[in-house]
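Trainee: Residue numbers (full-length UniProt numbering), protein chains in the order written: chain A, 1 to 553; chain B, 1 to 553.
Hints listed in this document are in silico derivations from the structure and should not be mistaken for laboratory results.
From the three backbone atoms N, C-alpha and C, an ideal C-beta is built for every residue, glycine too.
One or more of the hints may lead you astray.
Reference listing, derived: stretches of chain B covered by chain A, where coverage requires no fewer than 3 residues with Cβ under 8 Å from a Cβ of chain A [as the list claims (entries may be wrong)]:
1) 417–425
2) 456–464
3) 469–482
4) 517–528
5) 531–538
Simulated restraints, written as ranges between beta carbons of each label pair [said to hold, decoys possible]:
6) Leu-208/B <-> Pro-422/A: 54 to 64 Å
7) Asp-309/B <-> Asp-232/A: 24 to 34 Å
8) Phe-213/B <-> Gln-359/A: 32 to 42 Å
Here are the computed lysine to aspartate or glutamate pairs in the DMTMM-like style, where the Cα-Cα straight-line distance is at most 25 Å [claimed, not checked]:
9) Lys-198/B <-> Glu-95/B
10) Lys-130/B <-> Glu-95/B
11) Lys-308/A <-> Asp-345/B
12) Lys-393/A <-> Glu-95/B
13) Lys-260/A <-> Glu-314/B
14) Lys-308/A <-> Glu-314/B
Spelled out from the first residue to the last, the chains are:
There are 2 protein chains.
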Amino acid sequence: MILYLKIINQRKNRYLSSIQYHIKTFKNYHIRELHIKQNTFKNNSYAKYTAYITVATSILGLYYYISYKNIYALNEKFIPCGEFRVDLKTYNLEEVAKHDNKENRIWVTFKQGVYDITDFIEKHPGGSSKILMAAGSSIEPFWVIFANHNTQEIYELLESMRIGNISKEDAIFNTINDNDPYSKEPIRHKVLKINGEKPFCAEPPPSLLIESFITPMELFYVRNHLPVPEIDLKTYTLELIIEEVTKKILKFEDIKKYPKYTITSAIMCAGNRRSEMTKEKQLKGLNWGIGAVGNATWTGTRLCDILKDLKIKEDDYNHIQFEGYDLDPSGTPYGASIPISKAMDSRADIILAYEMNEQPIPRDHGFPIRVIVPGVVGARNVKWLAKIIVSKKESQSQWQQNDYKVFSPNTDWDNVDFSKAPAIQEMPVISAICKPEQSEIIKVINGKINVKGYAWSGGGRKIIRVDVTNDQGETWYTANLDAEDNNAKVGRYWSWTLWSIDLPVKKELKEMEIWTKAVDASYNVQPENIKNIWNLRGFLCNAYHKIKVKLEH
Amino acid sequence: MILYLKIINQRKNRYLSSIQYHIKTFKNYHIRELHIKQNTFKNNSYAKYTAYITVATSILGLYYYISYKNIYALNEKFIPCGEFRVDLKTYNLEEVAKHDNKENRIWVTFKQGVYDITDFIEKHPGGSSKILMAAGSSIEPFWVIFANHNTQEIYELLESMRIGNISKEDAIFNTINDNDPYSKEPIRHKVLKINGEKPFCAEPPPSLLIESFITPMELFYVRNHLPVPEIDLKTYTLELIIEEVTKKILKFEDIKKYPKYTITSAIMCAGNRRSEMTKEKQLKGLNWGIGAVGNATWTGTRLCDILKDLKIKEDDYNHIQFEGYDLDPSGTPYGASIPISKAMDSRADIILAYEMNEQPIPRDHGFPIRVIVPGVVGARNVKWLAKIIVSKKESQSQWQQNDYKVFSPNTDWDNVDFSKAPAIQEMPVISAICKPEQSEIIKVINGKINVKGYAWSGGGRKIIRVDVTNDQGETWYTANLDAEDNNAKVGRYWSWTLWSIDLPVKKELKEMEIWTKAVDASYNVQPENIKNIWNLRGFLCNAYHKIKVKLEH
Numbered sequence: 001m002i003l004y005l006k007i008i009n010q011r012k013n014r015y016l017s018s019i020q021y022h023i024k025t026f027k028n029y030h031i032r033e034l035h036i037k038q039n040t041f042k043n044n045s046y047a048k049y050t051a052y053i054t055v056a057t058s059i060l061g062l063y064y065y066i067s068y069k070n071i072y073a074l075n076e077k078f079i080p081c082g083e084f085r086v087d088l089k090t091y092n093l094e095e096v097a098k099h100d101n102k103e104n105r106i107w108v109t110f111k112q113g114v115y116d117i118t119d120f121i122e123k124h125p126g127g128s129s130k131i132l133m134a135a136g137s138s139i140e141p142f143w144v145i146f147a148n149h150n151t152q153e154i155y156e157l158l159e160s161m162r163i164g165n166i167s168k169e170d171a172i173f174n175t176i177n178d179n180d181p182y183s184k185e186p187i188r189h190k191v192l193k194i195n196g197e198k199p200f201c202a203e204p205p206p207s208l209l210i211e212s213f214i215t216p217m218e219l220f221y222v223r224n225h226l227p228v229p230e231i232d233l234k235t236y237t238l239e240l241i242i243e244e245v246t247k248k249i250l251k252f253e254d255i256k257k258y259p260k261y262t263i264t265s266a267i268m269c270a271g272n273r274r275s276e277m278t279k280e281k282q283l284k285g286l287n288w289g290i291g292a293v294g295n296a297t298w299t300g301t302r303l304c305d306i307l308k309d310l311k312i313k314e315d316d317y318n319h320i321q322f323e324g325y326d327l328d329p330s331g332t333p334y335g336a337s338i339p340i341s342k343a344m345d346s347r348a349d350i351i352l353a354y355e356m357n358e359q360p361i362p363r364d365h366g367f368p369i370r371v372i373v374p375g376v377v378g379a380r381n382v383k384w385l386a387k388i389i390v391s392k393k394e395s396q397s398q399w400q401q402n403d404y405k406v407f408s409p410n411t412d413w414d415n416v417d418f419s420k421a422p423a424i425q426e427m428p429v430i431s432a433i434c435k436p437e438q439s440e441i442i443k444v445i446n447g448k449i450n451v452k453g454y455a456w457s458g459g460g461r462k463i464i465r466v467d468v469t470n471d472q473g474e475t476w477y478t479a480n481l482d483a484e485d486n487n488a489k490v491g492r493y494w495s496w497t498l499w500s501i502d503l504p505v506k507k508e509l510k511e512m513e514i515w516t517k518a519v520d521a522s523y524n525v526q527p528e529n530i531k532n533i534w535n536l537r538g539f540l541c542n543a544y545h546k547i548k549v550k551l552e553h
Numbered sequence: 001m002i003l004y005l006k007i008i009n010q011r012k013n014r015y016l017s018s019i020q021y022h023i024k025t026f027k028n029y030h031i032r033e034l035h036i037k038q039n040t041f042k043n044n045s046y047a048k049y050t051a052y053i054t055v056a057t058s059i060l061g062l063y064y065y066i067s068y069k070n071i072y073a074l075n076e077k078f079i080p081c082g083e084f085r086v087d088l089k090t091y092n093l094e095e096v097a098k099h100d101n102k103e104n105r106i107w108v109t110f111k112q113g114v115y116d117i118t119d120f121i122e123k124h125p126g127g128s129s130k131i132l133m134a135a136g137s138s139i140e141p142f143w144v145i146f147a148n149h150n151t152q153e154i155y156e157l158l159e160s161m162r163i164g165n166i167s168k169e170d171a172i173f174n175t176i177n178d179n180d181p182y183s184k185e186p187i188r189h190k191v192l193k194i195n196g197e198k199p200f201c202a203e204p205p206p207s208l209l210i211e212s213f214i215t216p217m218e219l220f221y222v223r224n225h226l227p228v229p230e231i232d233l234k235t236y237t238l239e240l241i242i243e244e245v246t247k248k249i250l251k252f253e254d255i256k257k258y259p260k261y262t263i264t265s266a267i268m269c270a271g272n273r274r275s276e277m278t279k280e281k282q283l284k285g286l287n288w289g290i291g292a293v294g295n296a297t298w299t300g301t302r303l304c305d306i307l308k309d310l311k312i313k314e315d316d317y318n319h320i321q322f323e324g325y326d327l328d329p330s331g332t333p334y335g336a337s338i339p340i341s342k343a344m345d346s347r348a349d350i351i352l353a354y355e356m357n358e359q360p361i362p363r364d365h366g367f368p369i370r371v372i373v374p375g376v377v378g379a380r381n382v383k384w385l386a387k388i389i390v391s392k393k394e395s396q397s398q399w400q401q402n403d404y405k406v407f408s409p410n411t412d413w414d415n416v417d418f419s420k421a422p423a424i425q426e427m428p429v430i431s432a433i434c435k436p437e438q439s440e441i442i443k444v445i446n447g448k449i450n451v452k453g454y455a456w457s458g459g460g461r462k463i464i465r466v467d468v469t470n471d472q473g474e475t476w477y478t479a480n481l482d483a484e485d486n487n488a489k490v491g492r493y494w495s496w497t498l499w500s501i502d503l504p505v506k507k508e509l510k511e512m513e514i515w516t517k518a519v520d521a522s523y524n525v526q527p528e529n530i531k532n533i534w535n536l537r538g539f540l541c542n543a544y545h546k547i548k549v550k551l552e553h
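Isolated chain A, as found in the complex:
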């Protein structure tokens, strides 16, 4: 019983991953078993479970103590969700189906669980329209596609909305054929650190990242939002639409007939460095390190040339929307848009790329055509391009409207209004230390250690200086800019800059913190602390990059 209290104490503010689970784990290491929420103990089954627990903890005693850490770790990964709960009422599918609108409340099922998600609809990071597609029925087929929902965090959230059960038979009936849409994904390089399996999201290790100015395709970070579509070059088409009318359909060869342009451009995910921001205050979202960025050459047709052929007048419209061939379960494609003034500006160097580093674009990076909008957040660089839509309206996709936006540190999921912030387009100035890595042990040579990293700014703004300190800003050392795009024109520096410095280290020092900050051509500089730029989606973590290292003299 003492142990039980100890566990409760250690894990307060979280659901208690039930003691019953530990009993079963002890017996047969089966994992996906019935879990009980902490407050379950307060209801009428209290006596029954207390009995269970008392017996169980007495038996387990010593064993539990020894294996606690292992069990705890397993437990972190597998919070079962949708298991039958004896304390709740059981409904049939017809009853559930009636709850598909706000008046009647909105219910969904997951396995044997019934959930009232009415009050969560507006807070859904993926947008209310997406989640409403499951109203009155099962949410499971959607989570097969949006497989990033299959996390402890989201299981916990769903269970907090639990109101009942459906029978085992109904649950089986309810499960549609969910042939894995991710079964035909490309093979990826094993060195990539996977942040999300389905959709696939991964980044290279920092030390490899800065080994070359041009990132090899295999090491380029991948941020997919849906399964990778299978596209046959022979049948591929790109549809050009003005408002809702198709004006032209281009085949791959039609696109290649336009003059060929090559640019060197970095692409960065808005979530890059989120893992640092979540330490400040917990966030939902992929736990990106500093590797959600890469720098490549992109070859293709200029978007402005295509638009010129459509005889578009810039003043008549406001946005150019892009849609991909990657589809969600409802058939809705990934989508994004950029302002028309940018799209039609030849100086913006936007291209429909069919080559990456002089090779056909790999499937993970948008085969056969990816829009490259240099200086702009990765999310607008739409892969597997299917449609270009000239419109008065911004893309209405969830990723444009309800996702890639940034709010003040005091905005949370209870008060956020996504319509109040503009979609991220151009990115702010950022830098990161790639060598050494966090917590690394470094040999001091001749009183110095070598520090390396990257810096970048959006909007074509060149990196003009990178400053490094190892005494909290008392002394700033200016780094060498080792590699930059020497062919770039003024205001069109799309590439990253790689920098390094031999940083002087005091003799007696056993460990130290290294900070870096970059300055761009507009003399914008990174903010010092994450705290003041924290935002609920964990985007644009461009505060000073700070790492701690240990020193060997």
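We have chain A already, so just place chain B on it with the hints.
Mentor: Same frame as chain A, but now just chain B:
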């Protein structure tokens, strides 16, 4: 004698403004008298001065105590420079004239003083070429024009290089006719706070600044670098030059024949908010508050239209240089340049403005033509436009090469290399609190105080959010954006944004600090602290604006 020691102690690290001076002040309040540097006491005249001092301090005793503060204040303003010093050798003008090159050392005279400035040449903020014009002769005529040199700080600096005297006769002979070139300056509004008389530099009070979205001409900050030229519209010409060849000469009426454009744009001095930065670590330069910014409508001819008529190919050149009609004593005009890609881009909205707020541009703001380069530092918005030069080269003016640039906090006058930083063009994001002002006593009404200010970013980047905190960032409140340019196109928001907020105040609070930070369309945000962006010229002080106020409940 105790008093004497006390004074020494209070003013250590500065030149001792001599005791002899105080004696004379007591007698007749004449101010510009002989001063003695502290180390003078260490040389062979030591005995003589010690006698003086002992007698003087005995007599002055009580009187001095009472009037100390007044004397001190007067003394702050008038550090004489160039007075005859009995402890130094006297040279004649021929001897001085020989010292006009580095081999022989470079000497200049000021009044009766002779100075060896050889080691200072490279550190001269105004560039080495300018100061070298005085080599071997008097620096006085230059300081009549660059009258901002007439400060205690620069007198002290010059005196630290003192090596000798010239005779009174030579000093008179040496003084050329210095009819004040500032005698024909326009009349300015008395509400302006003057930061420099000659050249004239002044800013409006913060509370007035944000009273209207469009700044009235009379309240618009003035930052002149030289005397205001007198220009007759009938004889005014604008010379268009490609490299060194004059291609066209336009009269005022020729410029007006082009299509007429109006933009609304803020202009900001790079030195805005320097007074905060100098508190972090002392700086040279005008002590600007937060008012070195204004927002006006500008009407005129587009620069790109003029350049199109010259049939310039963008790829053949790199820069567009501007020269003003304002001249230094050597006849060299004020000059600056911008990249040609910006100059030829119609989206950059650069105009040769002949109207400001629908009136002819006033003399202080560049009558009859000022180049408006929106989103770019004030220094490139050249007034009294005389020449446009298409060139492969950047402007070689001191203001482009050796002045408006920013370095790391560890760069000082001993190690600065101006060639290592790019000239400031586009400005970073900034904001300021204008109401209340620093140290103001504010009445709390219904638990709140009203806070108002401006925010702006260069490069046409719209202000998308302003956050305000009164608890060091624990809580951030998002301000209302009250006034912005609703007609601006995407990426072309040249105007400032005025914001306000009713900031909640805790009941018991007697005083508090208010911070503000703005975010622009690239999601660039201001850095927290001035310390980490401190730079030796005191430019681009865009850290959080922080003020302390007292509260009345």
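Trainee: Can you name, in rising order, the numbers of the hints this structure does not satisfy?
Mentor: 6, 7, 8, 9, 12
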